[in-house]
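A.B. asks: So you can see what is in the structure, the chains are spelled out below.
Number of protein chains: 2
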Amino acid sequence: MSNGFKCAGTIQSKDNPRIKQFCALAKAKKQRICEGLFVLEGIRLVADAVKNGAAIEYVLATQKALSELSEFDFDNIPVFEIPQQLCEKISQTQTPQGVFAVCAMIDNHIDFSKKSGKYLMLCDIQDNGNLGMIMRTADALGVDGMILSNCCDVYSPKTVRATMGSIFRVNFVVDKNPGLMLETMKENGIYTYAAVPDSRATNVSTFEFPQKACVLIGNEGNGLSPDIIEKCDDSVTIRMNGTIESLNAAMAAGIMLWELCGKDGHNAL
Amino acid sequence: MSNGFKCAGTIQSKDNPRIKQFCALAKAKKQRICEGLFVLEGIRLVADAVKNGAAIEYVLATQKALSELSEFDFDNIPVFEIPQQLCEKISQTQTPQGVFAVCAMIDNHIDFSKKSGKYLMLCDIQDNGNLGMIMRTADALGVDGMILSNCCDVYSPKTVRATMGSIFRVNFVVDKNPGLMLETMKENGIYTYAAVPDSRATNVSTFEFPQKACVLIGNEGNGLSPDIIEKCDDSVTIRMNGTIESLNAAMAAGIMLWELCGKDGHNAL
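As you go down the protein sequences, you meet chains A and B in turn. Just so you know, we're using our numbering here: the first sequence kicks off at 2 and counts up by one. Just so you know, we're using our numbering here: the second sequence kicks off at 2 and counts up by one.
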């Protein structure tokens, strides 16, 4: 394994196929699905992708940014230099760092048959920032697997940015059939818990989750569907002193994750 | 108490003094401090302000929005009708609801002498979204008081929006001298706990906070200053399985609040 990289060439025109591809992937979910690719922007995200063995197709970087990339192992990844005006054209941030990459979608697999496992299933989460923040928290608190069922696009640039690199560390799968997913978990002995705003549900603070457990979090506005709640083994709730609307979906997921798997952590804050 | 309101008149020009005042207050912290006023946008925020007895100077609303305001008690608050193009000019959202208000800054007082009390002190939080989200969570989990020490402006439109109305429900004070604040709390028998990323600190999940306790959360990038940590009675930490960077300040504050005061809540999720 060698460090550093060789510049594969310089791209000058906005009509270059790689620039056009980058912009198309950044813009449309349809394009991402069609090509099985997504985009990254920023030194940290690209570095996290490299560190975690993501399949990067190519990197685009300004001359200034190239010098900062030398510490990462870009062996076999083509790195193209782009001028500042192209950087500003393709950037989605106000102060671009000048580093971009096109990366293959992540091919995860969750092993539900393990003897113990803590899982989080998100149903119909629609805010990119919330999805990213939940994935970041799941990474911190050490979930064994995360199921994104009918959520907003995890590969949208906004979600990817909000994950702060956790997209490369969390074992997640994208799902479209929550009913079937619940059945699969049940067959593997995983107890499923619907997080609901209902004071009759089990109080999560006084409850101890079993060794194999999955918590389900629903949509920001509407929560989980009655159909999904019905299919779960039990319902759990976060008791509050204030108003119900005051806990957003990301924070509710964070507190559930803390109760589910955070408390036996090894590192600190 | 009567419901509804009388329209105090119609504003047509962008040069009208109230429109100019609204825009100046929305734009600059200096102007807000100078006038002791801040702005609200959206039906929910304005309704929350009215419900919680905030001192609203005046309301601006489009004809369409006026009809939706009739259920709230705007007695004695002047409501001015504005045309759609003025609404679009002063709005900070992509799909404006057409309701705006200018409101007096909130005059809170935290009574530290109570027999029991759970407090949250934020030091140098600089992201408006984080500050709003933490206030929202503090509202949900029922903190007795919140101290904003050298944080970003709680009255900026972005923070106010992120609080989702909790700015009118949480008992918060703005502070510039955290050392003096800590002394005041100590004099009142409140134990102070610095939240730190240090595995030698007390594990918050196995610790029981005393009846009078305050948790301190530091800056997004740098945490709490050594000086502040030194002045606290003890340090507490959130043990993690993943990487330290993966828990953002708002989520860390949320989990601390949950451990501090959330677990004995009355309502659900």
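Simulated from the structure, these hints should not be mistaken for lab results. A portion of the hints provided could be inaccurate.
A pair holds if it fits inside one copy or across any two, identical chains being indistinguishable in the list.
Computed list of lysine-lysine pairs in DSSO-like fashion (alpha-carbon distance at most 30 Å, straight line) [as the list claims (entries may be wrong)]:
hint : residue 1 : residue 2
1    : Lys-7     : Lys-116
2    : Lys-28    : Lys-90
3    : Lys-115   : Lys-28
4    : Lys-232   : Lys-52
5    : Lys-31    : Lys-213
6    : Lys-187   : Lys-52
7    : Lys-187   : Lys-90
8    : Lys-177   : Lys-116
9    : Lys-159   : Lys-90
10   : Lys-90    : Lys-232
11   : Lys-30    : Lys-159
12   : Lys-7     : Lys-232
13   : Lys-159   : Lys-28
14   : Lys-232   : Lys-21
15   : Lys-30    : Lys-116
16   : Lys-115   : Lys-159
17   : Lys-116   : Lys-65
These numbers were taken from a predicted model, which means no experiment stands behind them.
A.B. asks: Now tell me if each hint is right for this structure.
C.D. replies: Right, here's what the structure says about each hint:
1. Lys-7 - Lys-116: neither (46 Å within a copy, 67 Å between copies)
2. Lys-28 - Lys-90: Answer is both: 13 Å inside a copy and 28 Å across each meet the 30 Å cutoff.
3. Lys-115 - Lys-28: Result: close neither inside a copy nor across copies, 38 Å intra and 55 Å inter.
4. Lys-232 - Lys-52: Neither. Shortest intra-copy (39 Å) and inter-copy (39 Å) distances fail the 30 Å Cα cut-off.
5. Lys-31 - Lys-213: neither (36 Å within a copy, 54 Å between copies)
6. Lys-187 - Lys-52: For Lys-187 and Lys-52, the Cα distance exceeds 30 Å both inside one copy (35 Å) and across copies (46 Å).
7. Lys-187 - Lys-90: Neither: 49 Å inside a chain and 54 Å across chains, both beyond 30 Å.
8. Lys-177 - Lys-116: within (26 Å within a copy, 52 Å between copies)
9. Lys-159 - Lys-90: both (17 Å within a copy, 27 Å between copies)
10. Lys-90 - Lys-232: For Lys-90 and Lys-232, neither the intra-copy (48 Å) nor the inter-copy (49 Å) Cα distance is at most 30 Å.
11. Lys-30 - Lys-159: Both: 12 Å inside a copy, 28 Å across copies.
12. Lys-7 - Lys-232: For Lys-7 and Lys-232, neither the intra-copy (54 Å) nor the inter-copy (51 Å) Cα distance is at most 30 Å.
13. Lys-159 - Lys-28: both (11 Å within a copy, 26 Å between copies)
14. Lys-232 - Lys-21: neither (45 Å within a copy, 56 Å between copies)
15. Lys-30 - Lys-116: The answer is neither: 36 Å in one copy and 55 Å across copies each exceed 30 Å.
16. Lys-115 - Lys-159: neither (33 Å within a copy, 45 Å between copies)
17. Lys-116 - Lys-65: Answer is neither: 49 Å inside a copy and 59 Å across each miss the 30 Å cutoff.
Comparing the model with each numbered hint stated earlier shows that hints 1, 3, 4, 5, 6, 7, 10, 12, 14, 15, 16, 17 do not hold.
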